[in-house]
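Sequences and hints are given; from them, build the entire structure.
Each residue of the sequence shown is one higher than the one before, counting from 2 in my numbering.
Misleading hints may appear alongside valid ones.
Taking CB as the label site, the calculated pair distances span [claimed, not checked]:
(1) Met171 with Ser4: 44 to 50 angstroms
(2) Gln77 with Glu243: 31 to 37 angstroms
(3) Lys124 with Asp252: 20 to 26 angstroms
These are computed hints drawn from the structure, not numbers from a lab. Built from N, CA and C at the ideal position, the CB exists for glycine as well.
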Amino acid sequence: MISGPFAQVLAAGRSQFNARVVEARRRYPAFDVQALTDFLQNSVAPVMQAVTAHMPDRLAVITLTAYDIALDLVGQALTGANARSKIVDRVWQDLLPAYIHILVNSPTEVFALLTNAALNIEKTSGARVEQWLGEMKNIAPQITNLPALHATGQVLAWRAGMTHFRDGVMAIADTLSSALLLQLLDADPGSDWQQIKKQTQQDPWWCPDSKLRNATEQGITVGQFTGFGGAFPAPPELRACEYGFWVKSADRYFLLMADVYGAVLHPSSKDEFEHGSVLPSSAATVGVSWQGNTLQTRRGKHPLNLPAKELLLTCNLHTVAVSSPYTYGISLYPL
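Put into structure tokens, the structure is as follows:
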């Protein structure tokens, strides 16, 4: 049950809050009032408790902001019994209170930034939202302002498998201190950030975490049959491009992007697959060959659990993708 100063603010503005609910029910015909009650009690209340402890004179204003956002989250079924997941509740219960020192001065921005980021990561196949939540919470005491929060969220989202954030992270990384960047990337504290940045830009399969780097060099597999919850209704066809690989599977099309932190499939189109820019690299020109069931790259040998017959190698400047009409998966190896 909601209690304390937060309950007092809600009671004092009851007519105003009730009017907001009436308006929300007009906007969202399936609006769930019980879901709103549960969200206020279980997820908004922890944030308001943190506000009360940190800057109590901001409680009323932040309550209004949080209430309006809660109405939209419930209206869109992002929380409540019919929600796809509990990620929004997790953000409000665990992550937002950790950033209360920033939230009290920029509530709308912080509510939106962290909630939308978590939803975006969660819906991206291959990305690891639990990793992002944990790392964002752990680093919170060192993040002191809104721009740093935004940049940190992007860096850790990239590390959590949002491969397409790579260029954006490189563009904003220098807005953070070198010491913080080294910590975010699991680099040794005495490392040279500019050297790390240079190596990262040159090789998407390099990172300062040697354990992760060595594990990824053994290859990663993307894709699965739609019947098992995957994205591919048929064994995929590939074309190499600058950013990754254009992929066709029956009547579905994707852009596959990968680096040391993971791989993601983005929706694409038939036109992009057939006419998008491609790289003409062949396996021979990038130092790739295979014999029997063994793939040889400049980084080493990799056993392939696939028939050698009709094995297909598609290469861009940094990656070889192995596919076959006998599998729905795509195996990726660094060059």
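Each hint tested on the structure:
no.	hint	verdict
1	Met171 with Ser4: 44 to 50 angstroms	holds (47 angstroms)
2	Gln77 with Glu243: 31 to 37 angstroms	holds (36 angstroms)
3	Lys124 with Asp252: 20 to 26 angstroms	holds (22 angstroms)
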